[in-house]
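For reference, the chains in residue letters:
Protein chains: 2
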Amino acid sequence: MFEPPVQRLIDELARLPGVGQKSAQRLAFHLLNAEEADARRLADAIIDMRAQVRLCSRCFNVTADEECSICLDMRRDPSIVCVVERAQDIPVIERTQEFRGRYHVLGGAISPIAGIGPEVLRMKELVARVDGEGIKEVIVATNPTVEGDTTAMYLARLLGPLGVLVTRPASGLPVGGDIDYADEITLGRAITGRREI
Amino acid sequence: MFEPPVQRLIDELARLPGVGQKSAQRLAFHLLNAEEADARRLADAIIDMRAQVRLCSRCFNVTADEECSICLDMRRDPSIVCVVERAQDIPVIERTQEFRGRYHVLGGAISPIAGIGPEVLRMKELVARVDGEGIKEVIVATNPTVEGDTTAMYLARLLGPLGVLVTRPASGLPVGGDIDYADEITLGRAITGRREI
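Here the protein sequences line up with chains A and B, keeping their order. Throughout, this note's numbering is defined as the position within the first sequence, counted from one, plus 20. Throughout, this note's numbering is defined as the position within the second sequence, counted from one, plus 20.
Keep in mind the hints are simulated off the structure, nothing from the lab. Idealized CB from N, CA, C, for every residue including glycine. Just to be clear, a hint being listed does not mean it is correct.
[Stated by the list, open to error] Facing chain A, a subset of chain B residues (Cβ under 10 Å, in silico):
1. GLU32
2. ALA59
3. ARG61
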């Protein structure tokens, strides 16, 4: 429908998650009308990222080196590991400044519906780390969803026999939230997990 | 926050219209986890599009040549021109198969709020075409918005003295729509623009 080079770009953009045919058109025409340098910077950023970034050989975080900056940081506590579903969860936890251990990126969560079993996640690698790195606590920070909870349960059963403490961040009311607006499952968990003040 | 090559890609993606920080992260990590070839095809599509596409010297449609395929099509009627805000509106009108003239891409619509006056739109070029190409009718297919209507009015006043017929597509009820659900402005225009059956 469009000139071939434009249509080709629309098709490529429409393959991105959450980008439909219409947004792909809008983005393509934005890139067509943008400064040449702006369009080129985006293309270069894609190429450079793929060329320069790989996965940390220890924790599978993204890194430009053999190991990521967190694993290489000697001030961090190697005996406590926070398990996350995806590398993009790490900066979110880092921002809290509440965690000074290392990470382990599973690559997802167990989901029978999506056909994701424990064998496609990086569980073996985690067990090897618990065995080899003197890890004392594993915080399972998978999402508070059915899949994330299932994965946490699975990990607790997998790692428990190894003598490591397996914990999970508390579920409860968001700070600054309103009890009126809390959904019943979250409120229920907040009550179950109540703490003495 | 992320590794520099990833952060750079997130920043570039977040500059795109309608892409926030969060979607930019999601897209960047999608491109990180995608097949190398898929990521490269997107980058290449951006570069190729910029290298191969330019604006038609006559109507400012996108084209891979000096003039676009519509302007070059000898079967089309050069005496009737459809004015659109953007090149991406052209395939939409083409799909109707109701128009067999040429186009003129204004590059936007008059919007005092956005600081877009007639001088930044391709009005001079349109006047020159009306003067030089024996154009008899100009259909102003700008969007049925305040800006599009203002632009249409402006063009009518600009082109009227040149002896050319200036028309505008009808506003009214969408075909297949329900009068119950029509907003009052659209329904009002549909009644004002009623036709004998």
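Each hint, compared with the structure:
{"no.": "1", "hint": "GLU32", "in the structure": "holds (4 Å)"}
{"no.": "2", "hint": "ALA59", "in the structure": "holds (5 Å)"}
{"no.": "3", "hint": "ARG61", "in the structure": "holds (6 Å)"}
Hint check: no violations occur; every hint is consistent with the structure.
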